[in-house]
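Using the sequences and the accompanying hints, generate a full structural model.
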Amino acid sequence: PDLKEILDCVCNIFTESTTYSRNTHAMRHQECFAIKPNKDGMMDILRKAFLANVDDIYRLADEYAEEFGLTVTVKETTSRGYYLSIPAYAAADLPAIFIQPVKTGRFIHCSTE
1 PDLKEILDCV
11 CNIFTESTTY
21 SRNTHAMRHQ
31 ECFAIKPNKD
41 GMMDILRKAF
51 LANVDDIYRL
61 ADEYAEEFGL
71 TVTVKETTSR
81 GYYLSIPAYA
91 AADLPAIFIQ
101 PVKTGRFIHC
111 STE
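With the numbering used here, the residue at position 8 of the sequence shown is 8, and numbering never jumps.
No lab work stands behind these hints: they were computed from the structure. Idealized CB from N, CA, C, for every residue including glycine. Please note: incorrect hints may appear among the correct ones.
[As the list claims (entries may be wrong)] Pair by pair, the computed Cβ-Cβ distance ranges are: (1) Leu3 with Asp56: 41 to 51 Å; (2) Ala91 with Ser17: 36 to 46 Å; (3) Cys32 with Ala92: 35 to 45 Å.
[Stated by the list, open to error] For lysine-lysine, the following DSS-like pairs were computed, each having C-alpha atoms within a straight-line distance of at most 27 Å: (4) Lys48 with Lys36; (5) Lys4 with Lys39; (6) Lys39 with Lys75; (7) Lys36 with Lys4; (8) Lys48 with Lys4.
If you want it as structure tokens, here you go:
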């Protein structure tokens, strides 16, 4: 096949907005949305599940912030995945729902069940 055919095949499968990123969080999103919708049914299902999970994480962080009167921020790293970040001044009264707390500078990084 000539290069035009190969380019057409690639452009038919991948979205035009797909780019490389050094940021792991951005790259995970790029990977999830690189294949055009309706090209692979399983990928469409995984994409919806990924978005639902991320939405749930942010929704829970907002609920915890409101319920406990804390600033709760969602963070993500390759090694730890998604986790919550809370100002360190809350360490003394940290509700039991926040598990695996690790103090890092001015913040406590933790998870929930």
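Here's how the hints hold up against the structure:
| no. | hint | verdict |
| --- | --- | --- |
| 1 | Leu3 with Asp56: 41 to 51 Å | 44 Å, holds |
| 2 | Ala91 with Ser17: 36 to 46 Å | 42 Å, holds |
| 3 | Cys32 with Ala92: 35 to 45 Å | 39 Å, holds |
| 4 | Lys48 with Lys36 | 13 Å, holds |
| 5 | Lys4 with Lys39 | 20 Å, holds |
| 6 | Lys39 with Lys75 | 31 Å, violated |
| 7 | Lys36 with Lys4 | 20 Å, holds |
| 8 | Lys48 with Lys4 | 32 Å, violated |
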